[in-house]
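Engineer: Could you put together the complete structure from these sequences and hints?
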Amino acid sequence: MSAEIKAELERVGLVPVLRAPSEKLGHALVEAMIAGGVTVVEVTMTVPGAIDLLRALKQKYGKQLLLGSGTVTTAAQATATIEAGAEFVVSPSLHPEVIAKTKELGKVSIPGALTPTEVITAWNAGADYVKVFPCSAVGGASYLKALLAPFPELQLIPTGGVTQQTASDFLKAGARALGVGSDLVNAKAIADGKPEVVTNAARAYLEIIRQARS
Numbered sequence: 262m263s264a265e266i267k268a269e270l271e272r273v274g275l276v277p278v279l280r281a282p283s284e285k286l287g288h289a290l291v292e293a294m295i296a297g298g299v300t301v302v303e304v305t306m307t308v309p310g311a312i313d314l315l316r317a318l319k320q321k322y323g324k325q326l327l328l329g330s331g332t333v334t335t336a337a338q339a340t341a342t343i344e345a346g347a348e349f350v351v352s353p354s355l356h357p358e359v360i361a362k363t364k365e366l367g368k369v370s371i372p373g374a375l376t377p378t379e380v381i382t383a384w385n386a387g388a389d390y391v392k393v394f395p396c397s398a399v400g401g402a403s404y405l406k407a408l409l410a411p412f413p414e415l416q417l418i419p420t421g422g423v424t425q426q427t428a429s430d431f432l433k434a435g436a437r438a439l440g441v442g443s444d445l446v447n448a449k450a451i452a453d454g455k456p457e458v459v460t461n462a463a464r465a466y467l468e469i470i471r472q473a474r475s
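For the sequence shown, counting from 1, position 58 maps to 319 in this note's numbering; every step adds exactly one.
FYI, nobody ran anything at the bench for these hints, they're computed from the structure. Quantities reported herein were computed from a predicted structural model and do not represent experimental measurements. One or more of the hints may lead you astray.
[Stated by the list, open to error] Keeping only pairs whose Cα atoms sit at most 16 Å apart, straight-line, the calculated EDC-like set for lysine to aspartate or glutamate is:
1) Lys-455 x Glu-468
2) Lys-433 x Glu-468
3) Lys-364 x Glu-344
4) Lys-285 x Asp-453
5) Lys-285 x Asp-313
6) Lys-319 x Glu-358
7) Lys-324 x Glu-414
8) Lys-324 x Glu-292
9) Lys-364 x Glu-265
10) Lys-321 x Glu-284
11) Lys-433 x Glu-284
12) Lys-324 x Glu-284
13) Lys-406 x Asp-430
14) Lys-321 x Glu-292
15) Lys-455 x Glu-265
16) Lys-449 x Glu-292
17) Lys-319 x Glu-292
18) Lys-449 x Glu-284
19) Lys-319 x Glu-284
Structural biologist: Next up, the structure:
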């Protein structure tokens with residue numbers, strides 16, 4: 262089960278981090294990203310009604326959309342989001358009980374970590390991927406490459422500071438996928454009635470990933 266989730270996550274290569282002020286805006290953002298070909302989304306617990314939004318997206322898109330939950334810091338949150346439809350669970354920091362619960366329920370675990378010690382601790386605790394956050398604050402792609410030198414087995418997803426300008430460098434440094442925030446998941450563009458901004462950014466990211474991998 263989790264092998265299929267991981268294959269899809271890496272195939273798309275993008276984990277858009279959805280932070281929106283409302284459920285309605287969240288729906289519009291997802292619609293705009295799907296129009297651009299992006300079929301993975303991480304709904305953070307900071308979105309009002311995040312669990313309801315997950316459930317509604319699952320109902321609307323089914324297998325067409327690979328859903329994850331973000332900013333998950335307790336085992337109870339992990340359980341609730343998985344029951345609502347999350348296939349992967351992301352945290353900004355390292356919570357062994359969240360990893361354990363996610364794995365127990367057969368889903369993909371992506372805890373956050375930054376230092377070499379944190380990253381390897383997360384990996385040894387059973388993480389499927391480690392979200393390196395905030396990656397750009399400590400050197401971006403060069404930091405990712407430095408982490409992978411002693412730990413080549415790590416599966417890393419850099420988050421924080423990933424843009425269309427830096428995406429290719431991160432992939433070349435060994436990123437399995439990219440965690441992308443407002444550079445793609447642009448709530449302001451939606452609020453301004455310009456969903457095409459998000460759709461075009463989605464297309465641009467997918468093309469950058471395709472080129473970087475070829």
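Engineer: Taking the hints in turn, state whether each one holds.
Structural biologist: Hints versus structure:
1. Lys-455 x Glu-468: violated (21 Å)
2. Lys-433 x Glu-468: Answer holds: Lys-433 to Glu-468 is near 15 Å, not above 16 Å.
3. Lys-364 x Glu-344: holds (14 Å)
4. Lys-285 x Asp-453: Measuring from Cα to Cα gives roughly 14 Å; hence the hint holds.
5. Lys-285 x Asp-313: Answer holds: Lys-285 to Asp-313 is near 11 Å, not above 16 Å.
6. Lys-319 x Glu-358: Given pair Lys-319, Glu-358 is violated - Cα atoms ~25 Å apart, limit 16 Å.
7. Lys-324 x Glu-414: The hint is violated at about 30 Å.
8. Lys-324 x Glu-292: holds (15 Å)
9. Lys-364 x Glu-265: Holds - the C-alpha atoms of Glu-265 and Lys-364 are around 14 Å apart, at most 16 Å.
10. Lys-321 x Glu-284: holds (14 Å)
11. Lys-433 x Glu-284: violated (35 Å)
12. Lys-324 x Glu-284: violated (20 Å)
13. Lys-406 x Asp-430: Roughly 10 Å between the alpha carbons, so the hint for Lys-406 and Asp-430 holds.
14. Lys-321 x Glu-292: Answer holds: Lys-321 to Glu-292 is near 11 Å, not above 16 Å.
15. Lys-455 x Glu-265: Status violated; Cα separation ~34 Å.
16. Lys-449 x Glu-292: holds (15 Å)
17. Lys-319 x Glu-292: holds (13 Å)
18. Lys-449 x Glu-284: holds (14 Å)
19. Lys-319 x Glu-284: holds (14 Å)
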